[in-house]
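**Student:** This is what each chain is made of:
There are 2 protein chains.
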Amino acid sequence: MSRTLASQIAAHVGQTVTLQGFLHWKRDLGGIQFALLRDRSGIVQVVVDKRFELPLAESSMRVVGEVVANAKAPGGYEVVAQEIEFYAKASEPSPIEIPKEEWRVNPETLLEYRYVSLRGEKARAPLKIQAALVRGFRSYLDSQGFTEIFTPKIVSAGAEGGSNLFGIDYFEHRAYLAQSPQLYKQIMVGVFERVYEVAPVFRAEQHATSRHLNEYLSLDVEMGFIESEQDVMDLEEELIRAMLDEARHTAAPECELLGVEWPNLAEMPRLEHPEARRILREELGMPVGADFNEEAERALGAWAKEKWGVDFLFISKYPESARPFYAYPEGDGSTRGFDLLFRGLEITSGGQRIHQYEVLVEQLKKKGNDPAHFAGYLEVFKYGMPPHGGFAIGAERLTQKLVGLPNVRYARAFPRDRHRLTP
Amino acid sequence: MSRTLASQIAAHVGQTVTLQGFLHWKRDLGGIQFALLRDRSGIVQVVVDKRFELPLAESSMRVVGEVVANAKAPGGYEVVAQEIEFYAKASEPSPIEIPKEEWRVNPETLLEYRYVSLRGEKARAPLKIQAALVRGFRSYLDSQGFTEIFTPKIVSAGAEGGSNLFGIDYFEHRAYLAQSPQLYKQIMVGVFERVYEVAPVFRAEQHATSRHLNEYLSLDVEMGFIESEQDVMDLEEELIRAMLDEARHTAAPECELLGVEWPNLAEMPRLEHPEARRILREELGMPVGADFNEEAERALGAWAKEKWGVDFLFISKYPESARPFYAYPEGDGSTRGFDLLFRGLEITSGGQRIHQYEVLVEQLKKKGNDPAHFAGYLEVFKYGMPPHGGFAIGAERLTQKLVGLPNVRYARAFPRDRHRLTP
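Sequence lines, in order, name chains F and L.
UniProt numbering puts the first sequence at residues 1 to 423.
UniProt numbering puts the second sequence at residues 1 to 423.
Keep in mind that the hints were calculated from the coordinates and are not lab data.
Possibly wrong hints are sitting among the right ones.
If several chains are the same, the list does not tell them apart, and a pair holds so long as it fits within one copy or across any two.
[Unchecked claim] Below 30 angstroms or equal to it, Euclidean Cα-Cα: the simulated DSSO-like pairs (lysine-lysine) are:
#1 366 with 72
#2 26 with 89
#3 100 with 122
#4 26 with 100
#5 122 with 382
#6 26 with 382
#7 72 with 122
#8 50 with 382
#9 307 with 366
#10 72 with 367
#11 89 with 382
#12 50 with 26
#13 100 with 89
#14 89 with 367
#15 89 with 366
#16 305 with 26
#17 89 with 365
#18 122 with 307
#19 382 with 100
#20 26 with 122
Isolated chain F, as found in the complex:
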């Protein structure tokens, strides 16, 4: 008999269905037992008579039974079991009580037992939403003539110099884990003009904060033949709208479960860096340097929400001192680099890049670098690179802020941080 999902039972009242899933919870009322069966779509109550002995929670099972209406059952329907089979019985009680999931407490325990704690409906929902965001990312870019690329994660040098790189033993050579596909996506602009990549990046940062991961999913975009960084921000605005639309429509139950508050997608203002700095100093009383720290970003986010009612805020025209050497210089000390804040958290860094070989060499020197150390990076710029720019969205940070997670770790199935290498 073909399988019915928990979310579909209302359409089968009076019929006999086959359910498959996990024993989420059980209760013995003497004459009768109640079980909750959890599958990928949700939870359904099963009425089980005393013939059947229910094993430990999390056992995997199959139930054949009749769907009946019951106003007291979760969702208004339940299944009266005629047959129950257990594929594998749990041999130990789950170290986490899945039905009681309180994922705001005791984070290290939840992460330690992630292989079972992820089964909780609230634990898994952010990952389902993230999958929808990523699907929206790809499908919007596909519709705009972009090509997906797959660039190497094992590299011979870092894109932004030597810091924060994890070293690898690559046979008899020293290699590193890519901290960004920056150079490769730029090279690929010469090939496909418009490219994107969805892949892990690796940062050997010592940070142990609620917003840092040492391995995260980077949603990278790069496009050629632009006029300026305004084209790049235009693209990102539309892209963000498409991604959130995809999540809203295809992960609706998960968004509802987590009480996702939909952000204002109508407006994403572009605040130039000097003006943002003025606001921080004069209106918010926060003296800041060229780059904004976490606190300053949070304050700007709150200010923009209060003043303009917006959740997304671009900060553009970053000064050269706060950007990497490849940021396109305006000539007045500023660059065509921008960040995108979402609810006060930086989720994107981007901008127009230098496409002229000589300018790149000049900027490298200005930053105190020896161009010889960047020979590999520089090579492609001898062959007519068009004006181009792009950005990267941190998938976990976007998910974290959309869903309202207290820590970015919960937006990744198996996070890697300063101290965590397992599970």
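Please arrange chain L on chain F, whose structure you already have, making use of the hints.
**Tutor:** Leaving out everything else, chain L in the frame of chain F:
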């Protein structure tokens, strides 16, 4: 003025269009110059009068001009330039003559200069086809209730023991690059039941052959609540059809350019291992062991093509000795493990996995392993895993065989092999 792509000019005869791209090739006929402009969609001939000086090939450019019919021009149309602008002129001649691409010769040179050689139409086409195959992979699985997952590439131990792992310095710890998402996708069957991942995997293999890469794109699938490995092969059959359909429809020009011969998708027979071995021995005179080597696979592929007219061939019921410890044992020395050969090349390894804790421990011991070393792997099997199975498709090998590439390296933008770490 909005941009027109090279592939669109036939629709604009008599109109003035703006083209953007790269100077693919130029010829000076004295009174008149011809240029070929290459963009992401193709190549168009541009007639350039002597006013304009054409720089080195590969310079990036913008051309404004009128589209006219010319039977002698490639594609039957050309653009008579009124205006030409160069965004960045190439400062050196390209080390590879892009228009003459003969990518069957001198592979090391082509790979050395991959950052420009990839611009060639024949060099980039396999990557465009691969992007379409991957898109087909995701969209078919999305339609079947699968969830995309993103698992860690930095791991504390290998999924199949300690060999072929690249070591990483992870702060004060030793870590490794994941050679497969095997355990993680199995864990996620407990969460989402049906999952897939598109991500790089890393193998520190010493091989330097035309079919090995040390970093490649693995298309991983895992599904729960199966009856047997037959369900997994059923899924893979339909999936392969959907992937090839997507490539055929959305990368049609690239398939045509490379002369892709469409494989027989109607039938993908399932040959059991003992029968395959018998054929190799008796019909093909190749004495073979439990596992089949490259030569044996090629011979079986050719045999199946000759005998049945098929391009895809499953070899099922592999013996325990040729499969990892987690392969589901039939009890008679065989397993529910299978390979899929495409034109005689193994592109998939898969099967049903063991879902019972005790059986897993027993199989580990039988293979001479100490279960204590696999404690992390075993943990999740204490919590009611359902019967499940899956497979992984090597994206580059599938692309290689579909397109007819002489070497799998050409199916990856920036390959990593035994000796190559750059570009």
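**Student:** Determine for every hint whether it applies to the structure shown.
**Tutor:** Hints versus structure:
When the C-alpha separation of residue 366 and residue 72 is checked against a cutoff of 30 angstroms, the pair qualifies neither within a copy, at 71 angstroms, nor between copies, at 51 angstroms. Only within a single protomer do residue 26 and residue 89 lie at most 30 angstroms apart by alpha-carbon distance; the minimum there is 14 angstroms, versus 72 angstroms between protomers. With identical chains, the CA atoms of residue 100 and residue 122 are at most 30 angstroms apart within one copy only, with a shortest distance of 10 angstroms there and 57 angstroms across copies. In this assembly of identical chains, residue 26 and residue 100 lie within 30 angstroms of each other by CA distance solely inside one copy; the values are 13 angstroms within and 71 angstroms between copies.
Proximity of residue 122 and residue 382 under a CA criterion of 30 angstroms is satisfied inter-copy only: 22 angstroms between copies versus 51 angstroms inside one chain copy. Proximity of residue 26 to residue 382 under the C-alpha cut-off of 30 angstroms is restricted to the inter-copy arrangement: shortest distance 18 angstroms between copies versus 68 angstroms within a copy. In the homo-oligomer, the alpha carbons of residue 72 and residue 122 lie at most 30 angstroms apart inside one protomer (22 angstroms), although the nearest pairing across protomers, at 65 angstroms, exceeds that limit. With identical chains, the CA atoms of residue 50 and residue 382 are at most 30 angstroms apart between copies only, with a shortest distance of 25 angstroms across copies and 78 angstroms within one.
Neither within a single protomer nor between protomers do residue 307 and residue 366 lie at most 30 angstroms apart by alpha-carbon distance, with minima of 38 angstroms and 68 angstroms respectively. Taking identical chains as interchangeable, the C-alpha atoms of residue 72 and residue 367 are never at most 30 angstroms apart, the minima being 68 angstroms within one chain and 52 angstroms between chains. Taking the shortest Cα distances, residue 89 and residue 382 sit within 30 angstroms of each other only across copies (8 angstroms), while inside one copy they are farther apart (64 angstroms). In this assembly of identical chains, residue 50 and residue 26 lie within 30 angstroms of each other by CA distance solely inside one copy; the values are 13 angstroms within and 86 angstroms between copies.
In the homo-oligomer, the alpha carbons of residue 100 and residue 89 lie at most 30 angstroms apart inside one protomer (21 angstroms), although the nearest pairing across protomers, at 64 angstroms, exceeds that limit. In this assembly of identical chains, the alpha carbons of residue 89 and residue 367 lie at most 30 angstroms apart only when taken from different copies (25 angstroms versus 62 angstroms within one copy). For the identical chains of this complex, residue 89 and residue 366 are inter-copy neighbours only, at 23 angstroms across copies versus 65 angstroms inside a copy, given an alpha-carbon limit of 30 angstroms. In this assembly of identical chains, the alpha carbons of residue 305 and residue 26 never lie at most 30 angstroms apart, being 45 angstroms within a copy and 55 angstroms across copies at closest.
Only between protomers do residue 89 and residue 365 lie at most 30 angstroms apart by alpha-carbon distance; the minimum there is 22 angstroms, versus 65 angstroms within a single protomer. In this assembly of identical chains, residue 122 and residue 307 lie within 30 angstroms of each other by CA distance neither inside one copy nor across copies; the values are 33 angstroms within and 53 angstroms between. Proximity of residue 382 to residue 100 under the C-alpha cut-off of 30 angstroms is restricted to the inter-copy arrangement: shortest distance 20 angstroms between copies versus 60 angstroms within a copy. Within a single copy, residue 26 and residue 122 get their C-alpha atoms as close as 19 angstroms, which meets the 30 angstroms cut-off; across copies the closest is 61 angstroms, which misses it.
In this structure, the hints that do not hold are numbers 1, 9, 10, 16, 18, in rising order.
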